[in-house]
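Peer 1: With the hints as your guide, set chain B onto chain A.
There are 2 protein chains.
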Amino acid sequence: MSNRNPKVLNKLIENQVEKLPKSQRQFLRSLHQKKYRYQTGRFLIEGLKLIKEAVLANFPLESVYIAPSLYEKLNEKERQLLDIFQEKIHFVTTRDIQQISTLSTPEGIIAVGVIDQPVFKTDNNLSFPGIYLWEINDPGNLGAIMRTARWFGVKNITLSPNSVDIYSPKVVRSSMGSLFFLSGFQNVPFEELCSSAKQNNVMVFAADMSGTPLQSPPTDPWVLVMGSESHGLPPHILTSAVKTIGIPRYGSGESLNLSISAGILIYQLIHSERT
Amino acid sequence: MSNRNPKVLNKLIENQVEKLPKSQRQFLRSLHQKKYRYQTGRFLIEGLKLIKEAVLANFPLESVYIAPSLYEKLNEKERQLLDIFQEKIHFVTTRDIQQISTLSTPEGIIAVGVIDQPVFKTDNNLSFPGIYLWEINDPGNLGAIMRTARWFGVKNITLSPNSVDIYSPKVVRSSMGSLFFLSGFQNVPFEELCSSAKQNNVMVFAADMSGTPLQSPPTDPWVLVMGSESHGLPPHILTSAVKTIGIPRYGSGESLNLSISAGILIYQLIHSERT
Chain A
1 MSNRNPKVLN
11 KLIENQVEKL
21 PKSQRQFLRS
31 LHQKKYRYQT
41 GRFLIEGLKL
51 IKEAVLANFP
61 LESVYIAPSL
71 YEKLNEKERQ
81 LLDIFQEKIH
91 FVTTRDIQQI
101 STLSTPEGII
111 AVGVIDQPVF
121 KTDNNLSFPG
131 IYLWEINDPG
141 NLGAIMRTAR
151 WFGVKNITLS
161 PNSVDIYSPK
171 VVRSSMGSLF
181 FLSGFQNVPF
191 EELCSSAKQN
201 NVMVFAADMS
211 GTPLQSPPTD
221 PWVLVMGSES
231 HGLPPHILTS
241 AVKTIGIPRY
251 GSGESLNLSI
261 SAGILIYQLI
271 HSERT
Chain B
1 MSNRNPKVLN
11 KLIENQVEKL
21 PKSQRQFLRS
31 LHQKKYRYQT
41 GRFLIEGLKL
51 IKEAVLANFP
61 LESVYIAPSL
71 YEKLNEKERQ
81 LLDIFQEKIH
91 FVTTRDIQQI
101 STLSTPEGII
111 AVGVIDQPVF
121 KTDNNLSFPG
131 IYLWEINDPG
141 NLGAIMRTAR
151 WFGVKNITLS
161 PNSVDIYSPK
171 VVRSSMGSLF
181 FLSGFQNVPF
191 EELCSSAKQN
201 NVMVFAADMS
211 GTPLQSPPTD
221 PWVLVMGSES
231 HGLPPHILTS
241 AVKTIGIPRY
251 GSGESLNLSI
261 SAGILIYQLI
271 HSERT
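These protein sequence lines map, in sequence, to chains A and B. So the first sequence is numbered by the working numbering: it starts at 1 and just counts up by one. So the second sequence is numbered by the working numbering: it starts at 1 and just counts up by one.
I should point out that these hints are in silico values taken from the structure, not numbers from a laboratory. Be a bit skeptical, because a hint or two may be false.
[Said to hold, decoys possible] Pair ranges (Cβ atoms, derived):
#, chain 1, residue 1, chain 2, residue 2, range
1, A, 212, B, 220, 38 to 46 Å
2, B, 231, A, 212, 35 to 43 Å
3, B, 255, A, 220, 50 to 58 Å
4, A, 69, B, 170, 24 to 32 Å
5, A, 199, B, 99, 56 to 64 Å
6, A, 115, B, 189, 44 to 52 Å
7, A, 76, B, 210, 27 to 35 Å
8, B, 231, A, 76, 42 to 50 Å
9, B, 255, A, 255, 35 to 43 Å
10, B, 191, A, 198, 52 to 60 Å
11, A, 41, B, 210, 37 to 45 Å
12, A, 220, B, 272, 50 to 58 Å
13, B, 135, A, 239, 28 to 36 Å
14, B, 255, A, 199, 34 to 42 Å
Beta carbons: idealized from backbone N, C-alpha and C, even for Gly.
Only chain A is shown next, with the shape it has when bound in the complex (with noise of 0.2 Å):
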């Protein structure tokens, strides 16, 4: 691969464009929407640094889309990482990308992944600690909380049903791949969780404002369960936890901003058990 001649591969791109028959193009378009990307059991991962990152986690991908103006501008380690495809990529027009992109001004690349939907046990295929969302609707707040437990090396994100969609395009994005590291439970309700938490022996955190700062390590596995920005957690969630946690207001202000809060606990959580 590495004595290419540039201007025999451009030609040889040239000869590889395809234009995307319209059948095709709808499919990819469709997946920007949840009913679709659950119908086929696919979604978009759109931009290299994802796509290295899927690669990196031999996350399933079933076919990648690339624009040739994008393919020229990539060195041969980017190239060498897209061999590994072999038949599954296309080369395509910018055109067709725009169409299929989620972007506004697409960066030329769009790969599908395949949809891996682990099934939550309750007698456990957790493995703690975990987190659990309730509710939550932001895709960016979702996906900065993953990079956050992958940073942490925290295994697992659990997601109460009316959650936002994991394999949405803008929590893929700002998941920054995280995503393809962790195991995504979706639909779980609350009581699912606290059954497979009572049964593994695992402490069950709940993040809220009347919280204070944790006082020393958790001495068990543990799940931090944390509601919305704007409507936290309910009573019945409340009462369930072994214990409240929070971060102290020394200031003013109304709230802290959801995955800056689940940054402070799950620190306060993961470092008070290292140290």
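Peer 2: Using the frame of chain A, we list chain B on its own:
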């Protein structure tokens, strides 16, 4: 105010609706751009929640534009809040609001604020603790950091040259009004911050991937210095710091989100002082 007949009120508003002159509309739209914000010393504050915060902070507002369709939906308390603006309030058409708005789906209320640009003096008009941000360009991150600063009682944010503008609509919005409660210094070279810190016995903490978590509370007032998510801090800043601090990676991933790192580090610094 409390016994207004809604029909009479609506009539009143209808008669008061102004068609904004083209020049005024152009002036308001020009404030989307940094250049014009600084030429005129004015910036836009959009949404009732933000305007409420500005009022709460006694922040100078020059005028308020509101669509009658929004005014009709306000409760008595919200109307009373707006009453304080008296002749500064203008009822305008929804179309005018759409044209001056910084959002694709405007809420219906926009205020013009007066840029409050304090001058940074080395012999100190800063109150510490503070945060110094080096070449930060993401408005969402800056806004979220300001919100966190306010929550923890950090009183000032100082920005290096080549940073995002504190008065850009996205920063204002994501700060959730914290902007009005903080001193924001802009275009301050790191050398000036350092001189000020030296003259005032202030500890300079620099955030870096190689840093370790804070081991003991700061013994003096401090300033936390952070760089952008992608570039971090340059060597000359890192070597000038009293101490390099960081957040241990117990899992994997390239980096944490900047505003989340800031949240964890500010928490470390503030909380260790208080406990």
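Peer 1: Holds or violated: the 24 to 32 Å window for the beta-carbon distance between residue 69/A and residue 170/B?
Peer 2: With Cβ atoms ~29 Å apart, the hint holds.
Peer 1: With 37 to 45 Å as the target window, see if residue 41/A and residue 210/B comply at their CB atoms.
Peer 2: The hint (37 to 45 Å, Cβ to Cβ) holds, given that residue 41/A and residue 210/B are roughly 42 Å apart.
Peer 1: Evaluate the given range 34 to 42 Å for the C-beta pair formed by residue 255/B and residue 199/A.
Peer 2: holds, 36 Å
Peer 1: That 52 to 60 Å hint for residue 191/B and residue 198/A (C-beta), does it hold up?
Peer 2: Because 58 Å falls inside the window, the suggested range holds.
Peer 1: Tell me if the beta carbons of residue 212/A and residue 220/B are separated by a distance inside 38 to 46 Å.
Peer 2: violated, 27 Å
Peer 1: Given the hint of 50 to 58 Å, check if residue 220/A and residue 272/B actually sit that far apart at their C-beta atoms.
Peer 2: Hint violated: Cβ distance 26 Å, outside 50 to 58 Å.
Peer 1: Check the following: the C-beta atoms of residue 255/B and residue 220/A are separated by a distance inside 50 to 58 Å.
Peer 2: violated, 30 Å
Peer 1: Does the hinted range 35 to 43 Å hold for residue 231/B and residue 212/A at CB?
Peer 2: holds, 37 Å
Peer 1: Using the beta carbons of residue 115/A and residue 189/B, state whether their distance is inside 44 to 52 Å or not.
Peer 2: holds, 50 Å
Peer 1: Holds or violated: the 56 to 64 Å window for the beta-carbon distance between residue 199/A and residue 99/B?
Peer 2: Between residue 199/A and residue 99/B, where Cβ atoms are some 59 Å apart, the hint holds.
Peer 1: Do residue 255/B and residue 255/A keep their Cβ atoms within the hinted range of 35 to 43 Å?
Peer 2: At roughly 25 Å between Cβ atoms, residue 255/A and residue 255/B fall outside 35 to 43 Å, so the hint is violated.
Peer 1: Can you let me know if the beta-carbon spacing of residue 135/B and residue 239/A is within 28 to 36 Å?
Peer 2: violated, 47 Å
The structure does not agree with the numbered hints 1, 3, 8, 9, 12 and 13 stated previously, though it agrees with the rest.
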